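Number of protein chains: 2
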Amino acid sequence: MSVQTPDAKVLVANLAAYEARYAAFKEQKLALNMTRGKPSNAQLDLAKGIMTVLGENDTSSADGTDLRNYGGLDGIAEMKAIFAEMLECPPAQVIVGGNSSLTLMHDTLVRAVLKGVPGGKGPWYGQSPKFLCPSPGYDRHFAVCEHLGIECITVDLDADGPNLKQVEALVADPSVKGIWCVPRYSNPTGTTYSDQVVTRLASMKTAAPDFRIMWDNAYVVHDLYDTPDPLLNILEVAKAAGNPDRPLVFASTSKISFAGAGVAVMAGSPANVADAKVHLGVQTIGPDKVNQLRHVKFFRDFAGVRAHMRAHAELLRPKFEAVGRIFEAKLGGLGVASWTKPRGGYFVSLDTLPGCAAEVVALADAAGVQLTAAGATFPGGRDPANKNIRIAPSLPPLSQVETAMEVVAACVLLASARKLAG
Amino acid sequence: MSVQTPDAKVLVANLAAYEARYAAFKEQKLALNMTRGKPSNAQLDLAKGIMTVLGENDTSSADGTDLRNYGGLDGIAEMKAIFAEMLECPPAQVIVGGNSSLTLMHDTLVRAVLKGVPGGKGPWYGQSPKFLCPSPGYDRHFAVCEHLGIECITVDLDADGPNLKQVEALVADPSVKGIWCVPRYSNPTGTTYSDQVVTRLASMKTAAPDFRIMWDNAYVVHDLYDTPDPLLNILEVAKAAGNPDRPLVFASTSKISFAGAGVAVMAGSPANVADAKVHLGVQTIGPDKVNQLRHVKFFRDFAGVRAHMRAHAELLRPKFEAVGRIFEAKLGGLGVASWTKPRGGYFVSLDTLPGCAAEVVALADAAGVQLTAAGATFPGGRDPANKNIRIAPSLPPLSQVETAMEVVAACVLLASARKLAG
Chain A
1 MSVQTPDAKV LVANLAAYEA RYAAFKEQKL ALNMTRGKPS NAQLDLAKGI
51 MTVLGENDTS SADGTDLRNY GGLDGIAEMK AIFAEMLECP PAQVIVGGNS
101 SLTLMHDTLV RAVLKGVPGG KGPWYGQSPK FLCPSPGYDR HFAVCEHLGI
151 ECITVDLDAD GPNLKQVEAL VADPSVKGIW CVPRYSNPTG TTYSDQVVTR
201 LASMKTAAPD FRIMWDNAYV VHDLYDTPDP LLNILEVAKA AGNPDRPLVF
251 ASTSKISFAG AGVAVMAGSP ANVADAKVHL GVQTIGPDKV NQLRHVKFFR
301 DFAGVRAHMR AHAELLRPKF EAVGRIFEAK LGGLGVASWT KPRGGYFVSL
351 DTLPGCAAEV VALADAAGVQ LTAAGATFPG GRDPANKNIR IAPSLPPLSQ
401 VETAMEVVAA CVLLASARKL AG
Chain B
1 MSVQTPDAKV LVANLAAYEA RYAAFKEQKL ALNMTRGKPS NAQLDLAKGI
51 MTVLGENDTS SADGTDLRNY GGLDGIAEMK AIFAEMLECP PAQVIVGGNS
101 SLTLMHDTLV RAVLKGVPGG KGPWYGQSPK FLCPSPGYDR HFAVCEHLGI
151 ECITVDLDAD GPNLKQVEAL VADPSVKGIW CVPRYSNPTG TTYSDQVVTR
201 LASMKTAAPD FRIMWDNAYV VHDLYDTPDP LLNILEVAKA AGNPDRPLVF
251 ASTSKISFAG AGVAVMAGSP ANVADAKVHL GVQTIGPDKV NQLRHVKFFR
301 DFAGVRAHMR AHAELLRPKF EAVGRIFEAK LGGLGVASWT KPRGGYFVSL
351 DTLPGCAAEV VALADAAGVQ LTAAGATFPG GRDPANKNIR IAPSLPPLSQ
401 VETAMEVVAA CVLLASARKL AG
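The listed protein sequences correspond, in order, to chains A and B. Under my numbering, the letters of the first sequence match residues 1 to 422, in that order. Under my numbering, the letters of the second sequence match residues 1 to 422, in that order.
No wet-lab data here; the hints were simulated from the structure. A hint or two may mislead.
Any copy will do: because identical chains look the same in the list, a pair fits if it lies in one copy or spans two.
[What the hints assert, rightly or not] Once the Cα atoms are required to be at most 20 Å apart in a straight line, the calculated SDA-like pairs of lysine to any residue come out as:
id	residue 1	residue 2
1	Lys115	Pro270
2	Lys277	Gly149
3	Lys48	Asp66
4	Lys330	Thr5
5	Lys205	Ala240
6	Lys297	Glu56
7	Lys48	Asp58
8	Lys115	Ala366
9	Lys419	Gly55
10	Lys277	Ala143
11	Lys48	Gly71
12	Lys29	Ala366
13	Lys115	Gln127
14	Lys48	Gly64
15	Lys48	Arg300
16	Lys29	Gln400
17	Lys115	Leu148
All values derive from a computational prediction rather than experimental measurement.
With the hints as extra help, turn the sequences into a complete structure.
See the structure below:
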């Protein structure tokens with residue numbers, strides 16, 4: 001993932017050519033949007049059947065509960081069973097939520113701030129809580145912390161997960177209360193955590209007795225290839241290490257069924273689940289159970305989810321491969337950029353020469369290609385090296401992804417040559 | 001609503017007869033549940049069409065948004081239009097939420113505690129916030145406050161709304177940050193606030209500059225008769241009084257469409273709505289828009305909601321009238337109980353002689369009729385007079401409501417006579 005030393009002489013010699021190529025793109029007056037990790041319409045259409053899978057009288061779960069009425073704080077048994085298999089834990093350790101895992105994560109941290117968590121010494125409010133933020137990472141995670149007064153501390157996201165040397169040094173501070181993790185196909189790099197990283201995160205000594213790993217397994221089944229990246233089960237590893245309450249696991253069907261009308265889930269130790277239910281019982285009478293039944297009838301079981309995700313991969317893989325192919329063709333061997341080759345998830349992470357990311361994004365924007373703002377993948381929106389750019393190839397059609405990547409590559413070359421010409 | 005002085009001699013003379021009648025009920029080994037304000041299956045069936053109203057391709061709102069995808073923080077325009085008419089305010093002042101207005105209220109107070117509200121001096125956390133709780137009232141409102149560290153102060157709920165003498169005295173304390181109100185067909189008494197009460201609540205001087213009225217209009221269209229109780233528009237009255245940010249209005253379709261799979265809404269001043277959106281933008285990417293479309297297609301417009309509620313009234317009215325008829329026949333004129341005759345909502349409030357409510361509930365339970373726990377309608381579950389019982393006639397079939405009320409009346413007579421016999 002690291003950028004090699006560029007051959008400055010060659011690049012500077014080509015500056016005029018890069019300017020010309022960029023100008024030519026600008027004249028095309030493109031209007032392409034590569035900012036958002038949204039599923040495409042074709043992906044959404046794969047789950048069309050959810051819209052009509054229920055008949056008028058499909059109103060009950062297997063145990064006879066009328067799903068239209070109040071009740072059922074933690075979800076219907078059939079939905080819990082599917083999620084339990086997905087997250088590799090007993091159904092009793094699963095809480096099914098509404099349509100948003102971001103909300104489940106936000107609300108979990110709200111409760112920690114206001115009420116504390118099992119094993120802790122009361123509310124985090126007033127304890128100057130801090131959270132470790134492996135970066136580049138997911139901007140909305142960091143925004144939740146910033147919004148709730150939890151200070152974000154950036155740690156490096158290495159090729160096998162968060163940099164453990166940094167992490168293990170920082171958790172000696174008792175005000176460091178947790179860490180954000182997207183352990184499989186991490187946003188935006190596509191990194192999957194190695195067994196060693198998972199084991200050390202689960203077993204390391206932390207000064208805070210109520211340290212929490214926010215394990216956002218957003219891409220748990222979002223493989224681009226038939227051989228998923230292996231990932232250890234954090235709940236089991238933490239339990240074995242004597243830290244059963246440390247991990248809180250989150251996921252959703254947002255990028256399986258419908259991004260805005262899916263079903264979210266959290267899982268944790270019995271103590272964490274019992275604690276969450278106490279709070280949830282005050283916050284709500286229960287999530288939308290009818291929508292859970294729609295999902296259950298449509299997918300039938302976890303094997304159905306797996307099969308469905310293979311169809312997603314067919315749509316996504318060509319786009320991801322186009323990004324890599326075009327970057328390789330245009331930027332390969334020049335030492336001006338590196339990029340990830342994810343085997344799943346929703347993003348490609350592009351690193352430019354230090355100090356060039358914001359200019360690349362600005363150049364692309366001026367040429368009609370909107371990219372995620374430079375810095376967005378770091379806490380506070382500030383990338384200290386100003387080099388990381390998040391590429392989101394899922395939403396536009398393949399031809400647009402290809403055009404946009406040609407433009408991005410041209411912008412990288414131009415920004416790099418300009419810088420080197422200094 | 002007040003209990004008259006009973007003729008102790010007559011009642012005590014009948015004690016043996018009351019014991020016998022109660023014993024006879026006990027022998028029937030009934031199993032009736034009158035605890036929950038849930039709609040009946042027949043009511044839920046009225047909205048059956050929601051289950052199938054969307055076709056596979058009904059995936060867009062009128063403005064072309066794909067409702068299956070991410071986005072749309074405050075709801076789709078068509079749903080906002082219906083709620084705006086229901087709550088009598090501009091659509092821009094409406095935020096459509098998930099399936100639970102309780103969640104919207106809980107989260108609103110969470111934000112107040114953690115971040116403060118417009119016009120205030122920062123987070124309520126550490127300000128010893130207090131809330132006025134007109135009682136008898138809705139237990140879940142009080143539970144939210146208790147859970148979030150907001151102290152509940154009981155004030156009387158009179159026949160025309162909260163006792164304003166008490167309220168106006170208490171709001172001279174700057175730590176009194178708000179009041180819970182169910183202004184139309186209040187839970188559990190059925191009280192609708194008079195114009196004078198609404199006006200004074202909206203315009204009274206409060207020591208707290210960030211005082212909030214949590215206006216839970218849960219029964220906004222839940223009339224039992226063709227002539228709804230009139231209710232002033234709190235948003236307009238407060239605006240006219242120079243306190244536009246004071247009221248926060250909540251409602252949902254939980255008791256219109258499906259209790260567990262409906263759509264919730266909040267409304268407020270432009271400042272309150274803007275503030276809520278900032279927080280919501282961190283908490284979620286948006287509510288379930290597909291379910292909003294289901295509701296829009298099914299009801300079409302607010303007139304459709306009104307028509308639908310008339311069908312609900314046809315199912316509910318006989319149950320409410322049975323409660324009143326049986327209480328009147330068995331308890332009328334004896335001075336041992338009073339009860340409300342609501343013209344809407346979901347509950348009847350029964351007052352026994354002081355000190356008798358818990359025994360009545362226990363006697364009924366022993367005879368196979370479960371009632372809401374005595375005291376539940378007061379903060380902390382403690383009714384200082386031990387006299388209020390919440391009757392929830394909506395869920396069981398009419399015949400069961402009738403039987404249960406016969407039992408309750410018998411329990412009231414027995415408990416009263418026992419007490420008077422000393």
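Hint check against the structure, violated hint numbers in rising order: 8 and 9
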